[in-house]
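So the protein sequences, as listed, match chains A and B. What the first sequence shows, in my numbering, is residues 12 to 122, in sequence order. What the second sequence shows, in my numbering, is residues 26 to 139, in sequence order.
If you're looking for bench data, these hints aren't it; they were derived computationally from the structure. Computed from a prediction, not measured in an experiment: that's the story for all the values here. Ideal Cβ positions, reconstructed from N, Cα and C, are used throughout, including at glycine. It cannot be assumed that every hint is accurate.
To be verified - Which chain B residues face chain A? A few, computed with CB under 8 Å, are given here:
#: 1; residue: G53
#: 2; residue: H54
#: 3; residue: A56
#: 4; residue: P67
#: 5; residue: L70
#: 6; residue: L79
#: 7; residue: S80
#: 8; residue: E127
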Amino acid sequence: SQQGEEDPQALSIQEGENATMNCSYKTSINNLQWYRQNSGRGLVHLILIRSNEREKHSGRLRVTLDTSKKSSSLLITASRAADTASYFCATDHNQGGKLIFGQGTELSVKP
Amino acid sequence: DTEVTQTPKHLVMGMTNKKSLKCEQHMGHRAMYWYKQKAKKPPELMFVYSYEKLSINESVPSRFSPECPNSSLLNLHLHALQPEDSALYLCASSQDPGAWTEAFFGQGTRLTVV
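Bound conformation, chain A alone (with noise of 0.2 Å):
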């Protein structure tokens, strides 16, 4: 069964705004990952953050952990065109291989 609750489930924003998408999970984990998905291609991993981290940046991106609440954010700064995409996290919970997709976020960025 899939573990993680991502929301929004859809959101549309304007090129220079600011896009935050929020997953949430169940059991405990080792860590948390989110991914890109442009339509009908492979994933692209975007950023790792381990159960013991509460934020972690990559360029544009921050993401935040909160084991206590389960939960985890993906802020994306000064959104472009280019990363209208469908994002997903996932999370390991240390069962030999098993990485678990949230039901992802489609993030559509208007020029």
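Chain A is fixed; fit chain B onto it per the hints.
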């Protein structure tokens, strides 16, 4: 080379056909995965291979048969599929199944069962 290559990109097969999906990586990764993804849904884990041995089968029907001939190759043999098996099939690899880091995904095979 940080690529996972999947072939074919598209496949249409009848319910009585036998076909195979192929996946290849040359990053020295020791874990390889098959995921199935339906439209507007997240990828769902099907199989995990760890050091060329099947370590996880997520109760996948036997009409899907995985095979790992060597550390670089992963196949998914398909037989007697149903129309509801139509989906995007994604292969992925990672360095070590016991310590998840970055997973590399192929572009997928778009499968249509008619």
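Do the hints match the structure? See the list:
{"no.": "1", "hint": "G53", "result": "violated, 16 Å"}
{"no.": "2", "hint": "H54", "result": "violated, 11 Å"}
{"no.": "3", "hint": "A56", "result": "holds, 6 Å"}
{"no.": "4", "hint": "P67", "result": "holds, 4 Å"}
{"no.": "5", "hint": "L70", "result": "holds, 6 Å"}
{"no.": "6", "hint": "L79", "result": "violated, 11 Å"}
{"no.": "7", "hint": "S80", "result": "holds, 6 Å"}
{"no.": "8", "hint": "E127", "result": "holds, 4 Å"}
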